[in-house]
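Enquirer: The residues making up each chain are set out below.
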Amino acid sequence: MTKKILDIQNLKREFKMGEEIVRALKGISFSVDEGEFITIMGASGSGKTTLLNILGCLDKPTEGVYLLDGVNIGKLSRNELAKIRNEKIGFVFQSYNLLPRTSAIENVELPLLYNPAVSKSEREKRALVSLEAVKLSDRKDHLPNQMSGGQQQRVAIARALINHPVMILADEATGNLDTKTSYEIMALIQELNQQGKTIVFVTHEPDIASFSSRTITLRDGRIIRDARNENIRSAKKALAELPVSEEIEG
Amino acid sequence: MKLTNLLQIAIRALQRNKLRALLTMLGIIIGVAAVIAMVAIGQGSKQSIQAQLSSMGSNMITVRPYSNVTVGGGARLDQSGLQTLTLNDIKAIQSESKFINEVSPAVSARGQVINGNKNWPTQIMGVSPDYLKIRDWSLKEGVSFNNENIAAAAKVCLVGQTIVNNLFNPGEDPVGKIIRFNKIPFTIIGVLSAKGENAFGSDQDDIILAPYTTVQQRILAIPYIQNIYAASTSESTTDSAVAELTNILRKSHKLKPSDDDDFLIRTMSELINTFSSTSQLLTVLLTAIAAISLVIGGIGIMNIMYVSVTERTKEIGLRMSIGARGIDILMQFLIEAIVISIIGGIIGVLLGIGASQLISIFLKWPTLISVSSIVISFAVCGITGIFFGYYPAVKASRLDPIEALHYE
Ligand SMILES: Nc1ncnc2c1ncn2[C@@H]1O[C@H](COP(=O)(O)OP(=O)(O)O)[C@@H](O)[C@H]1O
Ligand SMILES: [Mg+2]
Chain L
17 MTKKILDIQN LKREFKMGEE IVRALKGISF SVDEGEFITI MGASGSGKTT
67 LLNILGCLDK PTEGVYLLDG VNIGKLSRNE LAKIRNEKIG FVFQSYNLLP
117 RTSAIENVEL PLLYNPAVSK SEREKRALVS LEAVKLSDRK DHLPNQMSGG
167 QQQRVAIARA LINHPVMILA DEATGNLDTK TSYEIMALIQ ELNQQGKTIV
217 FVTHEPDIAS FSSRTITLRD GRIIRDARNE NIRSAKKALA ELPVSEEIEG
Chain R
49 MKLTNLLQIA IRALQRNKLR ALLTMLGIII GVAAVIAMVA IGQGSKQSIQ
99 AQLSSMGSNM ITVRPYSNVT VGGGARLDQS GLQTLTLNDI KAIQSESKFI
149 NEVSPAVSAR GQVINGNKNW PTQIMGVSPD YLKIRDWSLK EGVSFNNENI
199 AAAAKVCLVG QTIVNNLFNP GEDPVGKIIR FNKIPFTIIG VLSAKGENAF
249 GSDQDDIILA PYTTVQQRIL AIPYIQNIYA ASTSESTTDS AVAELTNILR
299 KSHKLKPSDD DDFLIRTMSE LINTFSSTSQ LLTVLLTAIA AISLVIGGIG
349 IMNIMYVSVT ERTKEIGLRM SIGARGIDIL MQFLIEAIVI SIIGGIIGVL
399 LGIGASQLIS IFLKWPTLIS VSSIVISFAV CGITGIFFGY YPAVKASRLD
449 PIEALHYE
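These protein sequence lines are chains L and R, in that order.
Under the working numbering, the first residue of the first sequence is numbered 17, with each subsequent residue one higher.
Under the working numbering, the first residue of the second sequence is numbered 49, with each subsequent residue one higher.
Source of the hints: derived by calculation from the structure; they are not laboratory data.
A portion of the hints provided could be inaccurate.
If the Cβ cut is set under 8 Å, some of the chain R residues that face chain L in the computed set are [claimed, not checked]: (1) 370; (2) 374; (3) 376.
Computed cross-link-like contacts, DMTMM-like style, restricted to lysine to aspartate or glutamate with a CA-CA straight-line distance of at most 25 Å [unchecked claim]: (4) L:104 to R:451; (5) L:32 to R:456; (6) R:362 to L:103; (7) L:252 to L:207; (8) R:362 to L:188; (9) R:66 to L:122; (10) R:443 to L:96; (11) R:50 to L:122; (12) L:28 to R:448; (13) L:104 to R:448; (14) R:362 to L:96; (15) R:66 to L:157; (16) L:196 to L:257; (17) L:91 to R:448; (18) L:76 to R:451.
Away from chain R, derived, C-beta distances all over 12 Å, residues of chain L [to be verified]: (19) 42; (20) 46; (21) 136; (22) 158; (23) 165; (24) 187; (25) 207; (26) 255.
Just so it is clear, CB atoms sit at the ideal spot from N, CA and C, and this is done for glycine as well.
Kindly generate the complete structure, drawing on both the sequences and the hints.
Expert: Next up, the structure:
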């Protein structure tokens with residue numbers, strides 16, 4: 017019996033814009049098992065980011081139940097949500113969000129600075145392990161502006177991994193990258209998934225979705241499709257099959 | 049949240065933008081340096097004035113005649129025209145007083161003093177041998193006159209250093225020489241040690257001391273005395289001595305209870321207090337000016353911290369998304385502000401001490417660096433940091449993580 021990492025029922029999110037009420041999510045229900053690699057697809061404005069923000073405990077639903085790792089998120093305070101984000105969730109953003117003028121290793125260490133249980137030496141050790149996992153241990157002292165977009169995103173993934181989260185949430189994490197670099201990132205994500213990490217990956221590119229084990233498609237704040245992917249592509253293979261002319265790092 | 053982690057976060061954030069941190073500090077640096085230097089100047093001048101005043105004799109009490117009575121068309125009598133103080137007063141004081149150790153009458157005259165072909169305008173003062181004790185004045189050479197000289201109205205004198213410098217060649221021994229004051233010959237029996245200028249800037253060494261009887265009889269031809277100098281048994285008994293003196297003089301002058309005093313008593317400690325409070329006022333004023341610049345420095349911190357919070361909105365969003373609580377963000381910005389103001393404070397203290405040294409070396413102003421001014425400006429720096437860093441920090445901590453993350 018696999019463990020349910022997250023379970024949402026009839027999730028709604030409404031935004032008040034003056035008089036008007038924007039219904040970004042209109043009743044979403046699904047659950048994710050440990051070790052799944054899910055992509056959330058949908059056109060721009062369909063509610064993907066809104067959903068991911070709730071899954072990432074950055075936002076609370078207007079209505080509905082959200083259980084993360086068995087904990088009912090709806091009942092938690094702001095500070096408790098911060099603790100959940102720190103201990104259970106790893107975020108990867110479209111624009112990397114690394115601290116400028118701060119070395120790769122220090123960027124990776126950052127989440128552990130907000131965890132008083134982790135000592136300085138352990139923090140440094142785990143940051144190195146994380147950087148190794150994204151194959152950047154040789155760049156640990158590089159600053160963000162000395163790295164390519166792909167490398168920066170890998171640092172961001174290492175940062176997401178350092179607190180051993182129960183799931184990694186990515187919002188258009190390949191949106192700023194060219195095809196080859198996107199595939200490299202997807203190969204890394206697939207590798208992490210094979211090691212057992214649960215991944216929820218928002219994208220609007222079907223190409224990227226084909227690397228995941230399940231795709232949930234949103235339209236207008238509702239799920240219109242939730243399908244297991246019978247034919248998962250390997251990002252590594254896709255990378256090898258790329259025409260040579262595409263080999264420009266982004 | 050561990051404090052060491054917060055400190056590390058704040059310090060790393062400052063290191064990422066050293067120039068800005070330095071510019072933010074500038075106001076604090078200047079403010080603190082100004083406070084330290086201003087207080088040093090104020091304290092220095094206070095101390096040197098006090099030292100100068102004590103050089104005039106810190107237990108000294110002076111009595112001069114005084115009258116509110118007006119004559120003719122309402123003009124008050126000049127004090128030299130008043131003849132209320134007499135040698136009987138001195139005798140009364142000597143026999144009745146408990147709080148007064150020494151007492152000396154004083155009569156003085158101005159005139160030209162001549163030695164051979166050299167002459168010099170100066171003052172001769174007739175006193176008793178006690179006068180030297182009252183003024184805490186020692187002899188450089190020779191001996192003082194004694195009671196026999198007083199009784200004989202002897203034509204002997206002690207001369208101040210300025211007189212020696214103006215009437216004698218360098219290296220010449222004045223003791224035993226005869227000088228003439230207003231044509232009357234005086235034998236110099238001693239030379240007074242140099243006292244320098246007094247607090248009012250007049251030269252204390254430009255004086256000839258002689259037995260008061262000599263000056264009374266041979267120069268002024270008066271029976272009364274002009275001033276009384278006395279020394280209380282100690283600085284702390286000065287007030288009792290003054291009260292006692294008042295009683296003795298009122299009795300000796302046969303004043304009725306309804307009569308006003310016909311004399312005026314002044315003490316050195318009074319004078320010291322007057323000057324101290326003047327220089328105290330100076331210190332307060334200078335410090336106030338400096339404190340204002342410190343507040344302006346604090347506002348500078350607030351200003352730049354606000355800009356910094358806006359500029360680093362995305363960073364704040366990221367920190368929140370990886371688990372920073374509102375309080376962590378608040379503490380980070382607060383600590384940044386405090387670290388800035390404390391480092392600024394340290395630089396300011398060093399700069400202030402340096403500036404005070406330069407002032408005393410190049411401008412020759414006395415300065416005194418007080419530990420309390422350093423401690424206080426440090427405390428003010430910390431408080432400034434907390435006070436002016438608090439609102440920007442609160443603003444940062446209240447940001448919505450999602451909005452902050454997507455802030456461009
Ligand atoms: N903070 C907000 N205030 C008001 N409306 C919002 C807010 N966030 C999102 N929305 C609205 O919710 C809908 C879904 O947005 P979003 O989740 O960002 O879509 P996607 O990520 O799929 O492009 C959009 O119509 C958007 O305008
Ligand atoms: Mg989006």
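Enquirer: State for each hint whether it applies.
Expert: Consistency of the hints with the structure:
Given the 8 Å rule on beta carbons, the hint for residue 370 of chain R holds: about 4 Å separates it from the nearest Cβ of chain L. A least Cβ separation of about 7 Å between residue 374 of chain R and chain L falls short of the 8 Å threshold, and the interface hint therefore holds. Annotation: interface hint on residue 376 of chain R holds; nearest CB of chain L at approximately 6 Å, less than 8 Å. Between residue 104 of chain L and residue 451 of chain R, the direct Cα distance comes to roughly 22 Å. Compliance with the 25 Å bound is thereby established for this hinted pair.
With a CA separation close to 22 Å, the supplied pair residue 32 of chain L and residue 456 of chain R stays within the 25 Å bound. Proposed proximity of residue 362 of chain R and residue 103 of chain L is supported: the alpha carbons are some 21 Å apart, at most 25 Å. The straight-line distance between the Cα atoms of residue 252 of chain L and residue 207 of chain L is roughly 10 Å, inside the 25 Å bound, and the hint therefore holds. Straight-line distance between C-alpha atoms of residue 362 of chain R and residue 188 of chain L comes to about 17 Å, which keeps the hinted pair within the 25 Å bound.
About 18 Å separates the Cα atoms of residue 66 of chain R and residue 122 of chain L, which keeps this hinted pair within 25 Å; it holds. With a CA separation close to 20 Å, the supplied pair residue 443 of chain R and residue 96 of chain L stays within the 25 Å bound. Between residue 50 of chain R and residue 122 of chain L, the direct Cα distance comes to roughly 17 Å. Compliance with the 25 Å bound is thereby established for this hinted pair. Pair hint residue 28 of chain L plus residue 448 of chain R holds up; C-alpha atoms about 19 Å apart against a cutoff of 25 Å.
A distance of roughly 20 Å separates the Cα atoms of residue 104 of chain L and residue 448 of chain R; the hinted pair therefore holds under the 25 Å criterion. Restraint check for residue 362 of chain R and residue 96 of chain L: the C-alpha separation of about 22 Å stays at or below 25 Å, so the hint holds. Note on residue 66 of chain R and residue 157 of chain L: the hinted pairing holds, with a Cα-Cα distance of about 19 Å set against a maximum of 25 Å. Between the alpha carbons of residue 196 of chain L and residue 257 of chain L the distance comes to roughly 10 Å, so the proposed pair stays at or under 25 Å and holds.
For the hint pairing residue 91 of chain L with residue 448 of chain R, the CA-to-CA distance comes to about 18 Å; that is within 25 Å, so the pair holds. Between residue 76 of chain L and residue 451 of chain R, the direct Cα distance comes to roughly 14 Å. Compliance with the 25 Å bound is thereby established for this hinted pair. Even its closest Cβ contact with chain R, about 19 Å, leaves residue 42 of chain L beyond 12 Å, as expected for a residue assigned away from the interface. At roughly 22 Å from the closest C-beta of chain R, the C-beta of residue 46 of chain L stays outside 12 Å, upholding its exclusion from the interface.
Chain R draws residue 136 of chain L into its interface by the beta-carbon criterion, the shortest separation being 8 Å against a cut-off of 12 Å. No Cβ of chain R comes within 12 Å of the Cβ of residue 158 of chain L; the nearest lies about 15 Å off, and the non-interface call holds. Under the 12 Å C-beta cut-off, the non-interface status given to residue 165 of chain L relative to chain R holds; the minimum distance is some 17 Å. Its closest Cβ contact with chain R, about 10 Å, brings residue 187 of chain L to no more than 12 Å, contrary to its assignment away from the interface.
Listed as a non-interface residue, residue 207 of chain L keeps its Cβ farther than 12 Å from every Cβ of chain R; the least gap is roughly 22 Å. The beta carbon of residue 255 of chain L is kept farther than 12 Å from every beta carbon of chain R, the shortest such distance being approximately 29 Å.
Hint violations for this structure: numbers 21, 24, all remaining hints satisfied.
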